[in-house]
Amino acid sequence: MKDFACFARMWLMQFMDNGTAVLLIDLYNDFIYPDGKWYGNVKASFEATETAAHIPIYYCLHQQYKPRNYDGWNRMTSYHIGMKEGRVIEEGSWGAQIYEGLEPDLANGDVVVSKHWNVSSFQNTDLDYLLHQRDITKLACAGMTSNQCLECTARYGKELGYDVTLLSNATAGFTIEQKDAAVNLIWPLLVERFMSVEEWAASIGAPKQ
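According to our numbering, the sequence shown is numbered sequentially starting from 66.
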């Protein structure tokens with residue numbers, strides 16, 4: 066994964082020149098590292114998927130858990146409840162760190178988006194504003210999880226008029242069944258195209274790894 070991160074940075078200027086950006090969603094240790102709090106939920110899905118092909122450009126990250134973070138909330142979703150009870154992505158913890166080797170590199174043009182509270186990386190964040198600043202119209206989306214944050218972000222992007230591609234082998238779900246349902250049933254109805262990272266790289270003329 067580290068090698069891929071270095072390789073991906075070679076493409077960055079090409080992406081910016083043709084109005085394309087990559088959204089990398091919720092690659093926290095708690096989600097994708099074997100010792101992570103929610104890794105057990107996605108382990109089987111990871112094992113059934115090629116997952117070493119994430120391309121870091123725009124980092125879309127979930128709000129981190131903090132004590133009393135949800136005090137007074139009257140409209141908590143099941144997602145919020147799960148994070149609160151499990152202290153998932155706890156601020157300052159190892160689990161709230163981005164997976165080693167895929168950290169943002171601002172010197173290379175990476176962008177860290179304001180954190181989302183629920184599942185869409187657009188809702189209540191500055192993602193749309195930041196994309197407009199660079200005249201980005203095409204998005205390739207990867208990350209966690211297939212049927213929640215990734216899918217909802219792609220759906221919201223479509224509503225805003227972006228051309229959206231979902232990268233089918235750069236994601237996982239909480240279960241294999243959920244991931245497969247998203248990729249095979251929902252994604253074809255949702256976005257212009259979904260394909261593997263390798264297919265997408267070839268489609269934009271990127272050099273082979």
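Careful: at least some of the hints might be erroneous.
Restraint ranges, calculated between C-beta atoms of paired labels, are given here [claimed, not checked]:
{"id": "1", "residue 1": "Met141", "residue 2": "Asp200", "range": "35 to 41 Å"}
{"id": "2", "residue 1": "Arg152", "residue 2": "Pro253", "range": "18 to 24 Å"}
{"id": "3", "residue 1": "Glu242", "residue 2": "Thr142", "range": "26 to 32 Å"}
{"id": "4", "residue 1": "Asp228", "residue 2": "Arg133", "range": "38 to 44 Å"}
{"id": "5", "residue 1": "Tyr194", "residue 2": "Ala172", "range": "36 to 42 Å"}
{"id": "6", "residue 1": "Thr202", "residue 2": "Gln162", "range": "30 to 36 Å"}
{"id": "7", "residue 1": "Leu171", "residue 2": "Glu257", "range": "28 to 34 Å"}
{"id": "8", "residue 1": "Met260", "residue 2": "Arg199", "range": "22 to 28 Å"}
{"id": "9", "residue 1": "Asn139", "residue 2": "Arg199", "range": "15 to 21 Å"}
{"id": "10", "residue 1": "Leu195", "residue 2": "Asp136", "range": "27 to 33 Å"}
{"id": "11", "residue 1": "Gly147", "residue 2": "Leu254", "range": "23 to 29 Å"}
{"id": "12", "residue 1": "Glu224", "residue 2": "Trp159", "range": "21 to 27 Å"}
Derived DSBU-like pairs (lysine-lysine); straight-line CA-CA distance at most 35 Å [to be verified]:
{"id": "13", "residue 1": "Lys131", "residue 2": "Lys149"}
{"id": "14", "residue 1": "Lys180", "residue 2": "Lys223"}
{"id": "15", "residue 1": "Lys180", "residue 2": "Lys203"}
Keep in mind that the hints were calculated from the coordinates and are not lab data. Every value quoted in this text rests on a predicted model; they were computed, and no experiment measured them. C-beta atoms are modelled at their ideal positions from N, C-alpha and C, and glycine is treated no differently.
Checklist entry - What hints, given by number in increasing order, does this structure fail? => result 2, 3, 5, 9 and 12
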